[in-house]
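Listed in order, the protein sequences are those of chains R, S, G and X.
Read left to right, the first sequence gives residues 16 to 292 (this note's numbering).
Read left to right, the second sequence gives residues 16 to 292 (this note's numbering).
Read left to right, the third sequence gives residues 16 to 292 (this note's numbering).
Read left to right, the fourth sequence gives residues 16 to 292 (this note's numbering).
Since the hints were made in silico from the structure, they are not lab data.
One should not assume that every hint holds.
A pair counts as met if it fits within one copy or between any two copies, since identical chains are not told apart.
[What the hints assert, rightly or not] With a straight-line Cα cutoff of 30 Å, these simulated BS3-like cross-link-like pairs (lysine-lysine) come out: (1) Lys170 - Lys96; (2) Lys96 - Lys55; (3) Lys215 - Lys97; (4) Lys72 - Lys170; (5) Lys142 - Lys127; (6) Lys59 - Lys288; (7) Lys93 - Lys215; (8) Lys97 - Lys55; (9) Lys215 - Lys29; (10) Lys97 - Lys72; (11) Lys81 - Lys97.
4 protein chains.
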Amino acid sequence: MSEYRLLIDTTDEKGLVYNISKILFNYNLNIETNAEYVDKEVNKFFMRTVISGDFDKTQLLNDVRKALPEDATIKLSKNTKKDIVILATKEAHCLGDILIRYVSGELNANIKAVIANHETLKSLVEKFNIPFVCISHEGLDRQVHEDMIIQEIDKFEPEVIVLAKYMRILNSTFVNHFENKILNIHHSFLPAFIGANPYKQAWQRGVKIIGATAHYVTSDLDEGPIVAQDIVRVDHTYSWTDMRDAGKNVEKVVLSNALGLLLDDRVFVYGNKTVIL
Amino acid sequence: MSEYRLLIDTTDEKGLVYNISKILFNYNLNIETNAEYVDKEVNKFFMRTVISGDFDKTQLLNDVRKALPEDATIKLSKNTKKDIVILATKEAHCLGDILIRYVSGELNANIKAVIANHETLKSLVEKFNIPFVCISHEGLDRQVHEDMIIQEIDKFEPEVIVLAKYMRILNSTFVNHFENKILNIHHSFLPAFIGANPYKQAWQRGVKIIGATAHYVTSDLDEGPIVAQDIVRVDHTYSWTDMRDAGKNVEKVVLSNALGLLLDDRVFVYGNKTVIL
Amino acid sequence: MSEYRLLIDTTDEKGLVYNISKILFNYNLNIETNAEYVDKEVNKFFMRTVISGDFDKTQLLNDVRKALPEDATIKLSKNTKKDIVILATKEAHCLGDILIRYVSGELNANIKAVIANHETLKSLVEKFNIPFVCISHEGLDRQVHEDMIIQEIDKFEPEVIVLAKYMRILNSTFVNHFENKILNIHHSFLPAFIGANPYKQAWQRGVKIIGATAHYVTSDLDEGPIVAQDIVRVDHTYSWTDMRDAGKNVEKVVLSNALGLLLDDRVFVYGNKTVIL
Amino acid sequence: MSEYRLLIDTTDEKGLVYNISKILFNYNLNIETNAEYVDKEVNKFFMRTVISGDFDKTQLLNDVRKALPEDATIKLSKNTKKDIVILATKEAHCLGDILIRYVSGELNANIKAVIANHETLKSLVEKFNIPFVCISHEGLDRQVHEDMIIQEIDKFEPEVIVLAKYMRILNSTFVNHFENKILNIHHSFLPAFIGANPYKQAWQRGVKIIGATAHYVTSDLDEGPIVAQDIVRVDHTYSWTDMRDAGKNVEKVVLSNALGLLLDDRVFVYGNKTVIL
C-alpha cells in the first residue's frame, strides 16, 4: 500500500482542519503523520498529511478542493523517488556528497543527469553511471548558453534542479522556466559578503563563524527563500583557503539536507520564506 | 479575550483530529496555533491547540472528553503566569539567569520563593524581593530534610519546581509528591560521566564538547525525560575549571529555555521521553 | 607571587621567539602558558606569555624592547581585576548576565559604573551596589551628549568600556578617545541586516539561524574587529519577537565571553581583525 | 623547498622553548608556524613547528635530541601525502566522504587499500581505482581473522588506519600492532549508550542531540583518546532511523576532519587525551 502526501497551501479560514480531517475520516484513510502551520501575519494555512489506504485519488482531490478556499493549492504526491537534474561547475564536494548518498540508497531521487559548463567533473559522475553533459559557455552569449541548458534539462522533466556549486548567475528566463524547482547552495549566511571571493572577504574581516545557506533560486540572485542553514566555527589561524575548506563541509551537508526536505515534499514556499512541515 | 491552551494526551485512534476539530469549530473558537503528534510506535496522540473566544470551559472540556478514548488526559490551561518555586544550593549562574529574565519581564512566571540548603544565595535573591528560605540539611536525616522542603514548597502550590543547581539527590517521596513538575539541569549529556566531579572526568577524558541537559526529575536520578540539550566546544587548553565555566553558560541557557517550554505548556511527558509541541 | 602577561605585537622577523625566550630564560621566570601567532600575509608577530617569578618589571620591559623591532608594542599586564564601565539603554539581558557573573565572582573585573541614556535599568543596577548614571540624550545635540558621557567615563579610567545593548551610534570623537577599548554586541552576523529592526528583517527573510557578534568599536559602525560570534537555530514557527528573544540568549553569552577574553588580555587587534591567544 | 614538521613530546622543564628556538635560529630555518602547549598537571611539553629551508635532517634531529630531556619523543615529518588504509564493513557514508575528498584532491593521503569483511562496498571503492580487499570473518576464529587483516595491512605500511564504520571489535593484538595509528568513528558522545543499537537507545531516551566522536583506538573499546567531536540537533519527530541518518552526517564530517588533523601531524596523544596543535 503506497503512501501519499497531501499538500495544502491556502488562505486561512475557520474550520479548515475540521473540513479536511472530515474528508480524510470519511475516506477511512490512515494518517501516518500530520502537520499544519498558520502564518497569522499573512493569513496563510499550510498542511502536509501523509496518508495511506485504498482510495480514488481524483475523487479525493475533488472533495478536498470543494472544501477549501478558491485560491488553495492542493497536491497529492506519491512517496516515490523524484527525478532530479544536477548542475555543477568544477567543485566536487556538494556533487560528491549527493552521489555517495545516491549510490548507498539514501537519496530518495533518480539523478537523471549532471550538467556542467566544464569537463572537470565528468570522470567522477560517470563512475556512478550517470549521464554527464558538458555545455560550455565559452564563446556563447549568456542567453544562448542558458537556453541550451534549459533544453537539456527539459528532456528529463525533473522535479528538482540542484545547483551543486554551479558558479554562473542564472537569468530570469531560466528561473521562471523552473519556478520553485531550483535549489542552490550559497557559501555564506544571507545577507552575506558580496562579490568575487566571499571567503577572502570573510577572512579579511576575521569572522569566527562560516555559514552556508540552501535556498530556492528566484530572479533575485542569492535572495530566494531559505530552506536550510548551518555554520562551522573558525579562528584566526585559518587562512582564507582553510575557511573555504571548512565551508565546504557545511555547504555539502546543508545542500544535501535541504534536498532531502524537497524530496520529501516538506517545503512550502510563500513570499520570500519557507515553511517546513 | 484570554487565550487557552487545550492539551490532549491519549491513545491514538482514527478520527481524533476530526472529532476534536469538529468541537472547536462548533464552539466557533479562534485557533491561534495548533500542533499534534502521533507516536506510532506506542500508539499515542498528543495535541496542543491555542484557542481564543468566548466559551464555557467546563462544557468544552466535557464535550472533548466524550469525543476521546477513555484514557485521555485533557487540560485547559490559561495563558497566564504560572507560580514556580526554585531550589538551589550555592551556585548563582542558573538562578541568576532566571532572576534577570524575571526582573526584565521575560519570564512567564511568578517566582514564589527560592529555597536553598545554604545561605550563599540569600543576598542575591533578596535583591529581587523574592522570599529566600534556607533549610539547611546539616544534622538532619535526609528524609526529614526533604519533608521540611516539601512542606515549604506546598505553601506556594507551584506548578513548576526548578532545580537550579540544587546539588542534593531527591528521594522518591519528594519526586512522587511533585510528579512531572520538577525540572532539573544536568551538567552533561545523558548518559554522562557519573560521580563526584563530572567536569574533572570530562577533562581527564579530553572531551572536545561539553553539554547540558534539562530534564524532568523521576525517581531515577538524572534519568528523567529530556526537555532540552545544548553544547559548547572546548579543547585541550581548557583546565577542568575552564570546562566547568564553559559548562555554566550552557547550563543556564538550557535550563531557562526548558523552563520557558514548561511555562508555555509545550512539553508532554510519556515513558521516558518528551514531545514538545 | 603574582602572574604577569607579557603581550607582544610586532613586525615578524627571524629569531623573535629565540630572542624573547632567551630573555625569559635568563630572568629565570616560570612560563605558565605561552602562545604565539604569525600572520604571514601581513608579516605580523603576536605573543602572549604568562610568567611568574621575582623580577624587575622595568628592566624586563627594557630588555625585551631592545630585542624586538622598533615598531613593537610591548605590554606587561598584571593578572588582576580590570576596571570597566558599562553603557546600556533599556534592555536587561546583556547587562544582567554581566551583573550575575560579577556578583558570583566569575567576572575578572570591577564594574565602576553603568551609564545609560534611560532610567529603565537604574533599579536593577543599584541592586548590585554599582553606581548608575543616567545621561539622557533628550534635547541634547549628539556631540554634546557624547562629550558628557566621555567626561563621566573618564572619571573611572576604565580599561574596557562595554556597550551592553547601548542603542545609540557613537561618533568618531568618542571612538577615538577610547581606541581599542570599546566592546560592542551586535544582534547579528556581520555583514548583517541593516537598519531599524534587524530581527523583523531576518524574520521576513525566513532565516533558519540567528547570530550575534561581539566586536571592537571603530568609527565604522558595526564594522570593528570581531572578538566572538555564535548562533542559535530558529524556524518558521518563530515570530519576529521569538527570534529576538532567541537572539538575546546568544547576545548575552557572546558578549560575556568576549569580555572575558579582553579581561584576560587574550585579544590582539590589527587591521580589522583579531588574534586570540 | 619542502616543509617539515618538527614534532616534540617531552617532560617539561625550564628553557625548552629557548633551547629549541636557538637551534632553529642557528640553522637559519624559516618558521612557517609554531605552536606549543604545556600540560602543567602532568608536566608535559608538546611542540609542533613547521620549518622550511636547506638543512641536514639527521644533524638537526641530533642537535634537538641533545637539547631535550631523555624521555623526549622527536619526529621530523615531511609535508607529503601519507599512506593510509581504510577498514569498513557495509556502510558507505564515512568511506564515501573520504573517497570524494580523495578524488577531488582535498585529502593529503594516498589510499593504499580498503579492507572490508563484506563485499558490499566493493563496487563503490573500485570506481575510484583503489584496491578493495574482502576478508570475510565467516567461519573464522576472531584471532585468525584479525591476523589475516594485520598481514594485509602490513603490506601497505600505512601511517594511519581509518576505521570508517568497521563494525567489529578489535583485539589488543591488533591494537598494539598498530599503536597510535588507528582512528575510529564512534556513533555518539563518549561516554555513550552502550550495546547493540545505540541510536535506538538514544531514541528511546528522547535525546535532543546526537553526537559523534573520532578517537584513537586503544585496547579499551571506544575509550581511546578523542580527536574530534560534533553534534546535530534532533527532536521527537525523529524515528530512530531518522536519528541514525542524522548521525551519519556528523559521523562522516567528524571522521574526515579528524583524519585531516592526523595527516597534518597535528595530534599528540598522551594518557587518554590528545593535544591538537
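**Item:** Violating hint indices (sorted, rising)
**Value:** Hint check: nothing fails, all pass.
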